[in-house]
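Each chain, letter by letter, is given below.
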Amino acid sequence: MNIDRRHFLIMLPAAAIAWKHVLAGTPEESPNYTMTGHWWSMLIDIPKCIGCGNCVRACAAENDVPEGHFRTWVERYHVTDWDMVNPQVISPDGGKEGFPAVPEDAGKYFFVPKLCNQCTDSPCTQVCPVGATFITPDGVVLVDQTYCLGCAYCVQACPYGCRYLHPEKKVADKCTLCYHRITKGLTTACCESCPTGARQLCDLKDPNDPIHAFLKTHHVQVLKPQMATGAKVFYNELDGSVR
Amino acid sequence: MKRFKDTGHLLRFAFLFVIAFVVFLVVRHFVVPKSFGEYGHYRGAAIGEIAAHPIHFAGHQTCETCHADILTVKTTGKHANVNCEACHGPLAKHADDPSITPPKLDTAVLCIRCHAASAAKPKGFPQVDADQHSGGLACETCHQPHSPAIQAGGTK
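Protein sequence lines, in the order shown, are assigned to chains A and B.
Residue numbers for the first sequence follow numbering that gives the first Met the number 0, so the first one is 0 and each next one is one higher.
Residue numbers for the second sequence follow numbering that gives the first Met the number 0, so the first one is 0 and each next one is one higher.
Quick caveat, the hints were computed from the structure, so don't treat them as lab data.
Where hints are given, some of them may not hold.
[Claimed, not checked] Okay, derived cross-link-like pairs now, DSSO-like style, lysine-lysine, Cα gap no bigger than 30 Å in a straight line:
1) K107(A) <-> K95(A)
2) K168(A) <-> K103(B)
3) K183(A) <-> K169(A)
4) K107(A) <-> K183(A)
5) K33(B) <-> K169(A)
6) K107(A) <-> K103(B)
7) K33(B) <-> K47(A)
8) K47(A) <-> K95(A)
9) K215(A) <-> K168(A)
10) K47(A) <-> K223(A)
11) K77(B) <-> K47(A)
12) K183(A) <-> K33(B)
13) K47(A) <-> K169(A)
14) K103(B) <-> K95(A)
15) K122(B) <-> K223(A)
16) K204(A) <-> K107(A)
17) K168(A) <-> K47(A)
18) K107(A) <-> K215(A)
19) K47(A) <-> K107(A)
20) K107(A) <-> K122(B)
21) K183(A) <-> K204(A)
22) K95(A) <-> K92(B)
23) K183(A) <-> K122(B)
24) K95(A) <-> K33(B)
25) K183(A) <-> K168(A)
26) K122(B) <-> K92(B)
27) K107(A) <-> K223(A)
28) K122(B) <-> K95(A)
29) K204(A) <-> K223(A)
30) K92(B) <-> K168(A)
31) K215(A) <-> K77(B)
32) K122(B) <-> K47(A)
33) K47(A) <-> K204(A)
34) K215(A) <-> K103(B)
35) K122(B) <-> K77(B)
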């Protein structure tokens, strides 16, 4: 192939544009990701959740979650008239295949997606005897599975029931907030696959994140605030009966 | 004046303590991972290892670089904010190598996953009793999944 200098220079910008598309197929590594520049959290918009179970399936596919265990799951609450303290809660197979039909006018029904609350002062990280679970500088609670002994103290310590012992690896496993995705500029698998936008990944350190305006203008709650865990998963319009 | 008798015993003990301490330091140096304590009381390298896990959902931005035609159809309809992989499933492998074709989808399963009527769902969300609604016809007979409003004179 003969190319003179003039043609080479003409083709350079074209090649530069094409290269962008070549790279677009794979999400790039983010060498300029700085952990201290982020403080990750999630917003769950309860009135938008339709209980389709897309998030549970997506999480299982993305993170190889073993059958019968869940990093995220969906609960359906049923509150009959005034009996707020005894809600009937079901979560068949974590809500993976949806929920059974309900009779009309049988009280109040709603869905509550659950996942690790990525607590700022988490009981689970405090009880680990070997330093195998920790909160990262960008606010995600992770498990170092090569270091974990599988003693399951953390499984008992989590007030939200978000951890389990992996049946094959025999170590603690939990939601990583898709740490391998959010550090590359992608959203989590559950947020990516939620059809109604009931789940939103939020960066509390990003001043342009819509979460700040949302928190100012909506009735937002965290789960079990009395436990003072510093939970960072915010629930919009959370019903008082939710545990 | 000598304060203790037979100080040799004490010195021998002290010597053993020093030896034990040195052994402890040496063992600790080899047993504790290099990155332990880099950010806190844990192995700092674990963060990078978890961040290196493989991706299965490519993300809608990746899909749209090639399938811009679908994007234009989608933005006009009610499914504008439903991401590609919400229905199509995880397709990072296809994004990396387009010769891997994704499986054909079954609207009979997919549509009803979200749109099956249930009193538990938010009232404003469009829901149908599939048997009554279509009389056994496939959803895509009337609704194009990327922009589901009924086209050509039909009611919205």
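Each hint tested on the structure:
Straight-line distance between C-alpha atoms of K107(A) and K95(A) comes to about 22 Å, which keeps the hinted pair within the 30 Å bound. Restraint check: the Cα-Cα separation between K168(A) and K103(B) comes to about 34 Å, which exceeds 30 Å; the hinted pair is violated. Note on K183(A) and K169(A): the hinted pairing holds, with a Cα-Cα distance of about 29 Å set against a maximum of 30 Å. Only pairs whose Cα atoms come within 30 Å are accepted, and K107(A) paired with K183(A) is rejected, the gap being roughly 40 Å.
For the hint linking K33(B) to K169(A), the alpha-carbon distance of about 25 Å falls within 30 Å, and the restraint holds. Taken as a hint, the K107(A) and K103(B) pair is broken in the structure, with Cα atoms around 38 Å apart against an allowance of 30 Å. At roughly 46 Å between alpha-carbon atoms, K33(B) and K47(A) are farther apart than 30 Å, so this suggested pair is violated. At roughly 17 Å between alpha-carbon atoms, K47(A) and K95(A) fall within 30 Å of each other, so this suggested pair holds.
Using a Cα cut-off of 30 Å, the hinted pair K215(A) and K168(A) is violated, with the two alpha carbons roughly 43 Å apart. Under the criterion of a C-alpha separation no larger than 30 Å, the hint pairing K47(A) with K223(A) is consistent with the structure, at around 21 Å. Simply put, K77(B) and K47(A) have alpha-carbon atoms about 15 Å apart, close enough for the 30 Å limit, and the pair holds. Among the hinted pairs, K183(A) with K33(B) is consistent with the structure: their alpha-carbon atoms are about 25 Å apart, no more than 30 Å.
Straight-line distance between C-alpha atoms of K47(A) and K169(A) comes to about 36 Å, which puts the hinted pair past the 30 Å bound. At roughly 21 Å between alpha-carbon atoms, K103(B) and K95(A) fall within 30 Å of each other, so this suggested pair holds. For the hint linking K122(B) to K223(A), the alpha-carbon distance of about 28 Å falls within 30 Å, and the restraint holds. For a cut-off of 30 Å, the pair hint linking K204(A) to K107(A) is broken: about 36 Å separates their Cα positions.
As the CA atoms of K168(A) and K47(A) are separated by approximately 36 Å, the hinted pair breaks the 30 Å bound. Note on K107(A) and K215(A): the hinted pairing holds, with a Cα-Cα distance of about 27 Å set against a maximum of 30 Å. Proximity of K47(A) to K107(A) is assessed by CA-CA distance (about 15 Å); at most 30 Å being required, the pair is judged to hold. The straight-line distance between the Cα atoms of K107(A) and K122(B) is roughly 12 Å, inside the 30 Å bound, and the hint therefore holds.
With a C-alpha separation of about 17 Å, the suggested pair K183(A) and K204(A) falls inside the 30 Å cut-off, and the hint holds. Distance restraint check for K95(A) and K92(B): the Cα-Cα separation of roughly 23 Å lies within the 30 Å cut-off, and the hinted pair is therefore satisfied. A threshold of 30 Å between alpha carbons decides the hint, and for K183(A) with K122(B) the separation of about 37 Å lies outside it, so the pair is violated. Using a Cα cut-off of 30 Å, the hinted pair K95(A) and K33(B) is violated, with the two alpha carbons roughly 41 Å apart.
With a C-alpha separation of about 27 Å, the suggested pairing of K183(A) with K168(A) holds against the 30 Å cut-off. Proposed proximity of K122(B) and K92(B) is contradicted: the alpha carbons are some 37 Å apart, above 30 Å. Straight-line distance between C-alpha atoms of K107(A) and K223(A) comes to about 21 Å, which keeps the hinted pair within the 30 Å bound. Among the hinted pairs, K122(B) with K95(A) is consistent with the structure: their alpha-carbon atoms are about 22 Å apart, no more than 30 Å.
Straight-line distance between C-alpha atoms of K204(A) and K223(A) comes to about 24 Å, which keeps the hinted pair within the 30 Å bound. Restraint check for K92(B) and K168(A): satisfied, since their Cα atoms lie roughly 26 Å apart, inside the 30 Å limit. For a cut-off of 30 Å, the pair hint linking K215(A) to K77(B) stands: about 28 Å separates their Cα positions. For the suggested pair K122(B) and K47(A), the alpha carbons sit about 10 Å apart, so the restraint of at most 30 Å is met.
Between K47(A) and K204(A), the direct Cα distance comes to roughly 25 Å. Compliance with the 30 Å bound is thereby established for this hinted pair. Proximity of K215(A) to K103(B) is assessed by CA-CA distance (about 44 Å); at most 30 Å being required, the pair is judged violated. At roughly 16 Å between alpha-carbon atoms, K122(B) and K77(B) fall within 30 Å of each other, so this suggested pair holds.
Against the hints set out earlier in the document, violations occur for numbers 2, 4, 6, 7, 9, 13, 16, 17, 23, 24, 26 and 34.
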